[in-house]
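Start from chain D and add chain C with the ligand according to the hints.
Sequence lines, in order, name chains D and C.
Sequential numbering from 1 applies to the first sequence in the numbering used here.
Sequential numbering from 1 applies to the second sequence in the numbering used here.
One or more hints might be untrue.
[Stated by the list, open to error] In silico DSS-like links for lysine-lysine, alpha-carbon gap of 30 Å or less:
1. D:K117 <-> C:K77
2. D:K320 <-> C:K77
3. D:K4 <-> C:K77
[Claimed, not checked] Residues from chain D that keep clear of chain C, each with C-beta distances beyond 12 Å, as calculated:
4. R21
5. Y61
6. L100
7. I251
8. A265
9. G331
10. K376
By construction, these hints were calculated from the structure, which means they are not laboratory data.
All of these numbers come straight from a predicted model, not from anything done at the bench.
All residues carry an ideal CB built from backbone N, CA and C; glycine is no exception.
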Amino acid sequence: MSSKEVAVLGAGMHPWGKWGRNFVEYGVHAARAALADAGLAWTDVQFVAGGDTMRNGYPGYVAAATFAQALGWSGAQVASTYGACATGAQAIDLARARILAGLCDVALVVGADTTPKGFFAPTGGERKTDPDWQRFHLLGATNPIYFGLYARRRMEIYGATPRDFAQVKVKNSRHGFSNPNARYKKLYTIEEVMGSPIVSDPLRLLDICATSDGGAAVVLTSMDFARKRATKPVRIAAVSTVTPRYPNTVIEMPNFATDSAVGVAAPDVPFRDSIARGAYEQAGIGPEDVSLAEVYDLSTALELDWYENIGLCKPGDAEKLLRDGVTTLGGRQPVNTSGGLGCFGEAIPAQAISQLCELTWQLRGQAGERQVKNAKVGVAVNQGLFGHGSAVLAKV
Amino acid sequence: MPPPKARIPAVDGWFTLDAKAPQLLGTRCKACGSYFFPKETSFCRNPSCAGSEFEEVPLSTRGKLWSFTDNRYAPPKPYMAGDPFVPYAVAAVELEREKMVVLGQVAGGVGCDQLHAGQEMELVLDTLYEDDANEYLVWKWRPA
Ligand SMILES: [Zn+2]
Numbered sequence: 001m002s003s004k005e006v007a008v009l010g011a012g013m014h015p016w017g018k019w020g021r022n023f024v025e026y027g028v029h030a031a032r033a034a035l036a037d038a039g040l041a042w043t044d045v046q047f048v049a050g051g052d053t054m055r056n057g058y059p060g061y062v063a064a065a066t067f068a069q070a071l072g073w074s075g076a077q078v079a080s081t082y083g084a085c086a087t088g089a090q091a092i093d094l095a096r097a098r099i100l101a102g103l104c105d106v107a108l109v110v111g112a113d114t115t116p117k118g119f120f121a122p123t124g125g126e127r128k129t130d131p132d133w134q135r136f137h138l139l140g141a142t143n144p145i146y147f148g149l150y151a152r153r154r155m156e157i158y159g160a161t162p163r164d165f166a167q168v169k170v171k172n173s174r175h176g177f178s179n180p181n182a183r184y185k186k187l188y189t190i191e192e193v194m195g196s197p198i199v200s201d202p203l204r205l206l207d208i209c210a211t212s213d214g215g216a217a218v219v220l221t222s223m224d225f226a227r228k229r230a231t232k233p234v235r236i237a238a239v240s241t242v243t244p245r246y247p248n249t250v251i252e253m254p255n256f257a258t259d260s261a262v263g264v265a266a267p268d269v270p271f272r273d274s275i276a277r278g279a280y281e282q283a284g285i286g287p288e289d290v291s292l293a294e295v296y297d298l299s300t301a302l303e304l305d306w307y308e309n310i311g312l313c314k315p316g317d318a319e320k321l322l323r324d325g326v327t328t329l330g331g332r333q334p335v336n337t338s339g340g341l342g343c344f345g346e347a348i349p350a351q352a353i354s355q356l357c358e359l360t361w362q363l364r365g366q367a368g369e370r371q372v373k374n375a376k377v378g379v380a381v382n383q384g385l386f387g388h389g390s391a392v393l394a395k396v
Numbered sequence: 001m002p003p004p005k006a007r008i009p010a011v012d013g014w015f016t017l018d019a020k021a022p023q024l025l026g027t028r029c030k031a032c033g034s035y036f037f038p039k040e041t042s043f044c045r046n047p048s049c050a051g052s053e054f055e056e057v058p059l060s061t062r063g064k065l066w067s068f069t070d071n072r073y074a075p076p077k078p079y080m081a082g083d084p085f086v087p088y089a090v091a092a093v094e095l096e097r098e099k100m101v102v103l104g105q106v107a108g109g110v111g112c113d114q115l116h117a118g119q120e121m122e123l124v125l126d127t128l129y130e131d132d133a134n135e136y137l138v139w140k141w142r143p144a
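Isolated chain D, as found in the complex (with noise of 0.2 Å):
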C-alpha cells in the first residue's frame, strides 16, 4: 500500500511552557525548525494547513493563513481546521489527503496554542443550548470530573489503585526528562504523586496533565519527492479520524448522558477502541507490531485505558502492563516516550502534531536517551471533544 503513503521529512517544535507569548510565534519557530530538518526552504511549501486555536481571537480561528502571513506571504494554498484535541491530526490528514491526491509534494502542517491559567472553561457569554457551557453551569463538569469518573471505574471493575496511577506518572516523569521540549523536567516520585491534593478523587493534582503554550510543525511530502532527499524516510501509514458509532454508551466530554442503546444496540468496538483500530486496519498492521505509542494521558489512570483501547493489552491487564514494565523505556512497547502530557500539558492545536514529532524522531534513531531500541513503527492517538478521533500510524 505504499502509494498510500507520504513521508514525514520535517519535524520540529517549540518547547512546551507558560511562556505567555502569542501563539503565532510558537508555531513560527515550529514551523521553521521542520522547514530546517527537512532541508527545504518556506518557499518550497505548496499547501500550509494550520490547527486552530479557540482562545486567541480572529488570528487562531483562520491559523494556517496567520502563520502563512507570518513566514511571508508565499502565495501557497492554506487550510485551516479544528477539531478540538484531534486538531493536529485533522490538518495532518488534510495535508495527507492533498499529497496523495497528487495535488501538492510538499505540505506544511503547524499548531501552536497560548493558554489562560487553571481549568479549560468554557469561552464567555451565556449559551444556554451549548452543552460545553451547561455541563460547568449545571454541574461543575469540569475536564477533571469526567478523568475523574473514568479513574474511579478502573478502581471499581479492575481494582486498579490509586498506586498504578501514580507509577504512570513516575515512568512518564523519567521519559521527558531529558526531552528538550518539555515543560516539566523533574523526577517524580510514588510518595510526592500521592501526595499532591486531590483535584477529583481519586486523581491528585500531578495525576492531571496542565495547560501549556507550545508548538509543533511536521514538514509532509510525497513518497518521490522524499525519496530523492532522505535514504529511509518516515512513513505516515494511516491517519484514523472517525467519529464515534452510534449508540456511543460511554459517558464523554461535554455531554450530559450517554447515547440509548434501546433503539439499537452498542457497537461491538466501543469509540475509544475504534480509534487506533481504524489506523491499524488502513495500515494492514496490529498492535503487536507497535514498537512505541504516543497515547492522550490527560490524566494518568487514562493512560492505562488507552493501553486496553489501542491494543497492548485486554480490558483490565493495564495495570499488570504498567507493573512489568512493559510500557516503560527499555520494555516490549514503552509508551509516551516523549513524557506525555504529565511532562508536556495540553496545547491544544499542536498536541496530536508534537506527538508525530516524537514517533519521527524515535523511528530515525534521534531520541537521545528517550531513544526506543530498534523503532519500526509508532503509533500515536488522541481523542477530541464532540467525538473527534485522531490516530496516525508511522513506520520506517
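Relative to the frame of chain D, chain C with the ligand by itself:
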C-alpha cells in the same frame, strides 16, 4: 423577615418540579424508541432512523451507580460556586430502562467514601445556587 425566595429551575424543561418525586424529562423517538437526554426534538440521532417525531418522556428516577468523583476545588464560571466553596461529589448513573448513563451532582454532602459502583441511586431536586430573589434548582443523585 424577608419573603421566602421563589424556587425556580436553573434550566427550563429538563426536569419536573415535583418536590417529592422529581423526574428528568427526555424525549423518545416515535420511530425507533431511542431515548434522549437532554431532549432531542428535531431529528433522531440513530443513523439508521429517519424519525423526526418525538414524545416527551420522564426518565427513570432510579439507577445503578456507574462511577463517581468529586470537585475539591470550585469549578470556574458559569458554575455559580458558593463562598466558601463546599466540595461535592458527581455521579454517573446507569438507567436500566433507557440504557443510558446520566450525570448529576450528589446531594446531601454524600462523599466518594460513601459510594461504590453498582449502588442504587435516586433522583432528587436541590439548590444549585441562589440570588436575592430566587433559589435555582437542579437535579441531583443520592443513595437510595
Ligand atoms: Zn429514531
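Hint check results:
1. The straight-line distance between the Cα atoms of K117 (chain D) and K77 (chain C) is roughly 14 Å, inside the 30 Å bound, and the hint therefore holds.
2. About 40 Å separates the Cα atoms of K320 (chain D) and K77 (chain C), which puts this hinted pair outside 30 Å; it is violated.
3. With a CA separation close to 46 Å, the supplied pair K4 (chain D) and K77 (chain C) exceeds the 30 Å bound.
4. No Cβ of chain C comes within 12 Å of the Cβ of R21 (chain D); the nearest lies about 23 Å off, and the non-interface call holds.
5. Annotated as non-interface, Y61 (chain D) keeps its C-beta farther than 12 Å from every C-beta of chain C; the closest such distance is 22 Å.
6. Interface exclusion of L100 (chain D) from chain C stands, the closest Cβ pair being 27 Å apart, more than 12 Å.
7. With a minimum CB-CB distance of about 5 Å to chain C, I251 (chain D) fails to clear the 12 Å threshold, and the non-interface call is violated.
8. The Cβ of A265 (chain D) does not lie farther than 12 Å from every Cβ of chain C; its closest approach is about 9 Å, which violates its non-interface assignment.
9. Every beta carbon of chain C lies more than 12 Å from that of G331 (chain D), the smallest distance being close to 29 Å; the non-interface claim holds.
10. For K376 (chain D), the non-interface assignment is confirmed: its Cβ lies about 37 Å from the closest Cβ of chain C, beyond the 12 Å cut-off.
Violated hints for the displayed structure, listed by number in ascending order: 2, 3, 7 and 8.
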